[in-house]
Structures are given as structure tokens and as C-alpha cells.
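J.: Spelled out, the chains give:
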Amino acid sequence: DTEVTQTPKHLVMGMTNKKSLKCEQHMGHRAMYWYKQKAKKPPELMFVYSYEKLSINESVPSRFSPECPNSSLLNLHLHALQPEDSALYLCASSQRGESSYEQYFGPGTRLTVT
Amino acid sequence: LAKTTQPISMDSYEGQEVNITCSHNNIATNDYITWYQQFPSQGPRFIIQGYKTKVTNEVASLFIPADRKSSTLSLPRVSLSDTAVYYCLVGGAGNQGGKLIFGQGTELSVKP
Numbered sequence: 001d002t003e004v005t006q007t008p009k010h011l012v013m014g015m016t017n018k019k020s021l022k023c024e025q026h027m028g029h030r031a032m033y034w035y036k037q038k039a040k041k042p043p044e045l046m047f048v049y050s051y052e053k054l055s056i057n058e059s060v061p062s063r064f065s066p067e068c069p070n071s072s073l074l075n076l077h078l079h080a081l082q083p084e085d086s087a088l089y090l091c092a093s094s095q096r097g098e099s100s101y102e103q104y105f106g107p108g109t110r111l112t113v114t
Numbered sequence: 115l116a117k118t119t120q121p122i123s124m125d126s127y128e129g130q131e132v133n134i135t136c137s138h139n140n141i142a143t144n145d146y147i148t149w150y151q152q153f154p155s156q157g158p159r160f161i162i163q164g165y166k167t168k169v170t171n172e173v174a175s176l177f178i179p180a181d182r183k184s185s186t187l188s189l190p191r192v193s194l195s196d197t198a199v200y201y202c203l204v205g206g207a208g209n210q211g212g213k214l215i216f217g218q219g220t221e222l223s224v225k226p
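So the sequences go chain by chain: F and Z.
Going by my numbering, the first sequence opens with residue 1, and the numbers climb by one from there.
Going by my numbering, the second sequence opens with residue 115, and the numbers climb by one from there.
Treat each hint with caution, since some may be false.
[Claimed, not checked] Below, simulated SDA-like cross-link-like pairs (lysine to any residue); rule was C-alpha separation at most 20 Å, straight line:
| # | chain 1 | residue 1 | chain 2 | residue 2 |
| --- | --- | --- | --- | --- |
| 1 | F | K41 | Z | F160 |
| 2 | F | K38 | Z | P154 |
| 3 | F | K41 | Z | K183 |
| 4 | Z | K117 | F | E58 |
| 5 | F | K18 | F | Q95 |
| 6 | F | K40 | Z | T119 |
| 7 | F | K9 | Z | R159 |
| 8 | F | K40 | Z | N171 |
| 9 | F | K41 | Z | F153 |
Hints are computed from structural coordinates only; laboratory data are not their basis.
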């Protein structure tokens with residue numbers, strides 16, 4: 001299995017909702033990442049987990065809360081989002097525990113905040 | 115992190131070879147050069163990585179001159195399905211990593 005899966009594919013939520021994005025990989029990778037991508041812009045790093053511990057938080061607002069329950073799973077909990085948070089949220093993984101430049105990306109979750 | 119400069123867009127025709135050049139004048143000694151491809155509404159896909167001279171795989175070739183201040187991604191005989199955004203990234207000594215910081219990328223359009 002050489003892919004990163006993300007669910008849901010699409011999500012529409014109101015500003016008062018709480019929702020979660022899920023990411024899964026079964027490649028035995030030890031680093032996992034969340035990125036945010038706005039239309040016509042490059043992906044922007046949000047969080048890095050290395051060996052299931054949060055190693056990088058790119059000053060992301062607390063309304064985004066990451067969680068890594070085990071080495072195969074990565075969640076992003078969303079609460080009280082703003083319309084400007086609407087974007088494609090990408091998950092990625094890499095083989096080694098250190099943040100690596102060879103990353104495998106999932107297809108993303110298209111999030112719309114209304 | 116070394117800053118990269120790429121053309122914003124390029125046009126090509128099916129069957130042609132496409133070369134996308136990336137400038138990275140302040141590349142550090144232990145930096146690698148990595149290229150990603152991204153199709154609309156999909157995650158980026160790792161294409162190739164190199165340190166110096168030439169690297170080739172089944173998808174592309176990467177040419178890096180001796181001074182390493184630039185690099186060229188070469189896509190042989192492109193097809194319509196190669197229409198995508200291509201990102202050049204510099205840093206991350208091998209797998210020792212560092213934060214993956216994407217530049218603006220080059221939007222390649224392949225026409226029939």
C-alpha cells in the first residue's frame with residue numbers, strides 16, 4: 001500500500017461547528033504532515049508530527065487542533081473556523097521520523113466554511 | 115532556506131521536451147534540490163531529487179550545474195497529462211529534512 005488516504009473528500013461546515021479531518025497511511029512512515037492550500041497558491045505547512053509527537057507548529061491558530069493517535073493516523077480537529085479557512089487541506093507522510101523532502105501526499109479534503 | 119525562482123507559466127505541445135529552470139542562488143552546501151508535480155485538486159507528487167550533476171528516473175531528468183545555483187527539470191516527450199504545476203524546492207539535506215516550503219511553482223500547459 002503506497003498511498004495516503006484522506007476523509008472526507010469534501011466538507012462544508014458552519015462557523016460554530018466542530019468537525020475532524022482524517023488521514024491514514026500504511027507505509028510505515030514515521031513523519032506526518034498537515035498542509036493548507038488556497039486556490040492558485042502553493043501548499044503551506046501547518047503541522048509536522050515526528051514519531052507521533054508534534055515537532056513543528058507553524059503558528060497555526062488554535063481553532064485547528066492536530067492529533068496523532070498512532071503512527072498510521074493523523075487527525076485535524078476543526079472548531080469555530082472562519083470563512084477564510086476554506087481551502088484544500090493536504091496530509092502527507094515521509095519515511096523517516098525527521099521532516100523529509102520526499103513526502104507522499106494524500107488527495108486532500110476540500111473544506112468550505114460558511 | 116534557499117529561495118527559488120521559477121517561471122510562472124510555460125506552454126508546450128505534445129511530444130516536445132520541456133525544460134523548466136529553477137534559480138536558487140543562495141543554496142547551501144548541504145541542500146538538495148527536489149521537484150514536485152501537482153495536478154488540480156490533488157496533492158503534490160514527488161518527482162525527483164538531486165544534489166549535483168544529473169539524476170534520471172522513469173519520469174524526468176534533473177540537471178544541476180557545478181555551481182548548483184540553478185537546476186533544470188527535463189520532461190521528455192510531454193503529453194496532455196503532464197499539464198500540471200511543477201514546484202522546485204531547495205533544502206532538506208537528504209532525508210534529514212527541514213520544513214518543506216513550496217515556492218510559487220511553474221504552471222505547465224501542454225497543448226495538442
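J.: Next step is simple, just say for each hint if it's right about the structure.
T.: These are the hints, each one checked on the structure:
1. A threshold of 20 Å between alpha carbons decides the hint, and for K41 (chain F) with F160 (chain Z) the separation of about 18 Å falls inside it, so the pair holds.
2. Distance restraint check for K38 (chain F) and P154 (chain Z): the Cα-Cα separation of roughly 12 Å lies within the 20 Å cut-off, and the hinted pair is therefore satisfied.
3. Only pairs whose Cα atoms come within 20 Å are accepted, and K41 (chain F) paired with K183 (chain Z) is rejected, the gap being roughly 25 Å.
4. With a CA separation close to 18 Å, the supplied pair K117 (chain Z) and E58 (chain F) stays within the 20 Å bound.
5. Restraint check for K18 (chain F) and Q95 (chain F): the C-alpha separation of about 31 Å exceeds 20 Å, so the hint is violated.
6. For the proposed pair K40 (chain F) and T119 (chain Z), the alpha carbon gap of about 17 Å is at most 20 Å, so the pair holds.
7. Of the supplied pair hints, the one linking K9 (chain F) and R159 (chain Z) holds, its CA atoms being roughly 18 Å apart against a limit of 20 Å.
8. With a C-alpha separation of about 28 Å, the suggested pairing of K40 (chain F) with N171 (chain Z) is violated against the 20 Å cut-off.
9. For the hint pairing K41 (chain F) with F153 (chain Z), the CA-to-CA distance comes to about 13 Å; that is within 20 Å, so the pair holds.
Violated hints for the displayed structure, listed by number in ascending order: 3, 5 and 8.
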